Amino acid sequence: GENVEQHPSTLSVQEGDSAVIKCTYSDSASNYFPWYKQELGKRPQLIIDIRSNVGEKKDQRIAVTLNKTAKHFSLHITETQPEDSAVYFCAASKRDKIIFGKGTRLHILP
Amino acid sequence: GAVVSQHPSRVICKSGTSVKIECRSLDFQATTMFWYRQFPKQSLMLMATSNEGSKATYEQGVEKDKFLINHASLTLSTLTVTSAHPEDSSFYICSAQQGNGGNTEAFFGQGTRLTVV
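Which chain is which? The protein sequence lines are A and B, in order.
Counting from 1, position 96 in the first sequence corresponds to residue 96 in our numbering; the numbering is continuous, with no gaps.
Counting from 1, position 105 in the second sequence corresponds to residue 105 in our numbering; the numbering is continuous, with no gaps.
So that you can see chain A by itself, here it is in the shape it has in the complex (with noise of 0.2 angstroms):
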């Protein structure tokens, strides 16, 4: 079955530096990639996703990237704020269900 590896586990970065997780999964067939974003207490929300015949998208402070060769994702928030600290899920779907990885727990230190 698929697997996705995502990694750092955690990340501190300072408010207005750019923070980038990186994620790898293992079926070739995957052709969904969301990311999710956890806040304490409350539940995953999507945030940005994209699909396979597509190798970068954008949406205001946050984009994620794709290779589909290597198989492996990013994901890229720049000038990250206070309120971008929460844990980070990236997601692999080919057709059904959505595997997870482990999660970035990202702190934004003032």
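Hints are computed from structural coordinates only; laboratory data are not their basis.
None of the values given here were measured: they were computed from a predicted structure.
Some hints could be false.
[As the list claims (entries may be wrong)] Below, a list of computed lysine-lysine pairs in the DSBU-like style, where the Cα atoms sit at most 35 angstroms apart:
{"hint": "1", "chain 1": "A", "residue 1": "K22", "chain 2": "A", "residue 2": "K37"}
{"hint": "2", "chain 1": "B", "residue 1": "K14", "chain 2": "A", "residue 2": "K57"}
{"hint": "3", "chain 1": "A", "residue 1": "K94", "chain 2": "A", "residue 2": "K58"}
{"hint": "4", "chain 1": "A", "residue 1": "K102", "chain 2": "B", "residue 2": "K41"}
[Stated by the list, open to error] Residues from chain B that face chain A, not an exhaustive set, calculated with beta carbons under 10 angstroms:
{"hint": "5", "residue": "H7"}
{"hint": "6", "residue": "F34"}
{"hint": "7", "residue": "L46"}
{"hint": "8", "residue": "S54"}
{"hint": "9", "residue": "T57"}
{"hint": "10", "residue": "V62"}
{"hint": "11", "residue": "T104"}
Beta carbons are placed, not taken as given, at the ideal position from N, Cα and C, and that holds for glycine.
Assemble the complex: chain A is given as a structure, and chain B must be docked to it using the hints.
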């Protein structure tokens, strides 16, 4: 976005008893719903896929007789933790996707924190 409601949000039960958790899609129909378990500071571990009108599909290592799933309608799936033990204490969360699932956004319930004493 679509709304998924999960109930209860917290439950404490005695060891050996059973607990039922409900997951409802409030404003859309979901042929498929998913149940996850999340340990503290850890990822969402997929337990099973709940299919409306048919048997659930369980992930490897998840006991189907321990975690009973029923998906009787297009808006409701239930997870029953049978004969609960302290090691079953965890955060359980469901998700649903609009339509027939597939590669679309998953909407999550608010989760249920189960404590078995």
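Do the hints match the structure? See the list:
no., hint, in the structure
1, A:K22 x A:K37, "holds, 14 angstroms"
2, B:K14 x A:K57, "violated, 49 angstroms"
3, A:K94 x A:K58, "holds, 22 angstroms"
4, A:K102 x B:K41, "holds, 9 angstroms"
5, H7, "violated, 13 angstroms"
6, F34, "holds, 6 angstroms"
7, L46, "holds, 6 angstroms"
8, S54, "violated, 13 angstroms"
9, T57, "holds, 8 angstroms"
10, V62, "violated, 13 angstroms"
11, T104, "holds, 8 angstroms"
Of the numbered hints given earlier, the model fails hints 2, 5, 8, 10; all others are met.
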